[in-house]
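Okay, here's what each chain looks like letter by letter:
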Amino acid sequence: MEIFVAITIGILVAAGLYRLLGGCKVDIIIGLILLSQAANLIILASGGLKHNAAALVGDDTDLSSLADPLPQALVLTAIVIGFGILAFLLTLLIRSPK
Amino acid sequence: MTPDHLIVASLLLPVVGAIASMAMRGHFMPALVSSILGFASAIALVVVTAGGKVFALHVGNWPAPYGVVMVADGFAALMLAVCQLILIAAVIFSTTTLSSRYKRRHLFPLLCTLGLGANGAFLTGDLFNLYVWFEVLLLSSFAIMAMVPGKKAQEATWRYVIINFMASLLFLIAAGLIYGKTGTLNFADLHNLAQNSERSFFVASSSALLFGAFGIKAALIPLAFWLPKSYPQLPPAISALFAALLTKIGLYALYRVFGMVLVVQGSFPHQNILFYLAILTMVGGVLGAVAQNDMRRILSFHIISQVGYMALALALYSPLAMAAGIFYLIHHIVVKGNLFLVTGLVEAHAGTSHLNKVSGIVRSSPIIAILFAVPALSLAGVPPLSGFFAKFALLKASLTLHEWAAAIAIVSVGILTIFSMLKIWAAAFWGEPQGPRISPPAINLATSATLALVTVSLGVAAGPLFELARDASESLMNPKAYLDAVLGAPNPPSP
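Chains as they are written, first to last, in my numbering: chain A, 5 to 102; chain B, 88 to 582.
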């Protein structure tokens, strides 16, 4: 499971950096979106990936069968912030002189 | 008022100020009042934390490694106070110097949220929260910058947003990796876990990303070239605030995370790299400044060179060097902010701050000349002003450690700083006045004069302030009180 996520992160970073260095403003924004998705995946994977596991259900369950809830909370925050900055960048793009 | 109340007040006042200012259609008064009250509560925090005391606020009474903590120690309290001071000055300058079109567009609420982000970054006790406060600060600064009219300013904003977004991504990835390796983001918990040698290797490897992120925000060469391209495009009231605050918050994060959290047995990861980058930053920044011909651009390059000094203090990492570094941070925020404000006075007075087009200010307005001379001499390190004591303590620290390269850099960069200040002085202040002269509003002169007085009194009262800086550096280098305050039992929940 981790290996697929790691490869996906690698592809996202490579594609993001390639777009980022493209030079045109739309390219830069696309690159930044890809990079921020890669960052989100890294956080999600950092808690350890488990198949079909819930986060903290019941009191007597075995802890090792549960997913870590903290990275999920972190990644939600990161997605929201990334989305806010993306919206700001798009506004800048629309307002920028042609 | 307990210390907990003061911590909450530091975060709540800017929020209230922003909302009130928005409700009053962007009126400046709520921003001014909230920043003055914020300054008062920060001074109270400096008083209660004096002597190395640390207060932790466990939000929601969750025990420490699991819940969010806000921590006030000497270092955070000093930074809070001096940042609120410069925020007050920036608000006053904005009301009088910026065009009403600029002001109408939510400038004052954004100044409040900028202060909120700064206060949160100083007080936070965990890595992910630091990231969130950085974003609060950055988004406000993006929006303030995007309001500046003109094509050049738009291009500058674009550059500034992208480089800072990249830095934030690095920070985010580093926080994720560090959580994956240690299972905690709390500074105190992380410090304890890093002492375990197996983990410390992994933490050190991910902290390279943190180093890059903070390096970009603090403007360390070779990560600093965004700064002289974006700051000179801003109006002086805003650039004073940005110059004083934003890079210094990057430095604060370097001090807090590398100087305290990741320290293992008296050294931290990437200390050697920081040492050489600091010297490179000092020299590169000042050489860049010497080559410029516009006051705003010269001062922007000086930010970089001064950041080098403060990073060098961290890289030396002896008690004296750290105290000197913290003293330097406080001195620098006041002086650099004031120099940009004086540039604003010069522009209001003579219409431009380009050295080829302005001359003879000593004759046409001696007050502005004095207001420039005080912070300029302080920046260059002339006694008895605050810059002298900051540089002197740093020089002494590097000589005690036998770091000759650092000592030579400190002295020679100081001389080059005097040289470029003399260049401004000779071109803009001496000579015959040409063209029409307008005298700037008295309140701006008074604000700038107050900051100049603060510079002088930081120099005259260097002893007591240095004691505070020493306490602050002690609490960073030997964070026992910090760990006890954070990881000790939280207050029992009130019934």
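Any given hint could be a false lead.
Claimed, not checked - A partial selection of chain B residues facing chain A, derived with a Cβ cut-off under 8 Å:
1. Phe215
2. Val248
3. Tyr266
4. Gly267
Claimed, not checked - Cβ-Cβ distance ranges computed for the label pairs, FRET-style:
5. B:Lys238 x A:Glu6: 45 to 51 Å
6. B:Lys238 x A:Leu21: 23 to 29 Å
7. B:Ser187 x A:Ser100: 20 to 26 Å
Claimed, not checked - Quick list of in silico lysine-lysine cross-link-like pairs, DSS-like style, CA-CA up to 25 Å:
8. B:Lys238 x B:Lys567
9. B:Lys239 x B:Lys567
10. B:Lys268 x B:Lys510
11. B:Lys510 x B:Lys444
12. B:Lys239 x A:Lys29
13. B:Lys140 x B:Lys567
14. B:Lys316 x B:Lys444
15. B:Lys238 x A:Lys29
16. A:Lys29 x B:Lys316
17. B:Lys268 x A:Lys54
18. B:Lys238 x B:Lys140
19. B:Lys316 x B:Lys140
Simulated from the structure, these hints should not be mistaken for laboratory data.
The beta-carbon is built from N, C-alpha and C at its ideal position, and this holds for glycine as well.
Next on the checklist: Hint compliance check: list the failing hint numbers for this structure, sorted ascending.
Outcome noted: Numbers 8, 9, 10, 18, 19, in rising order.
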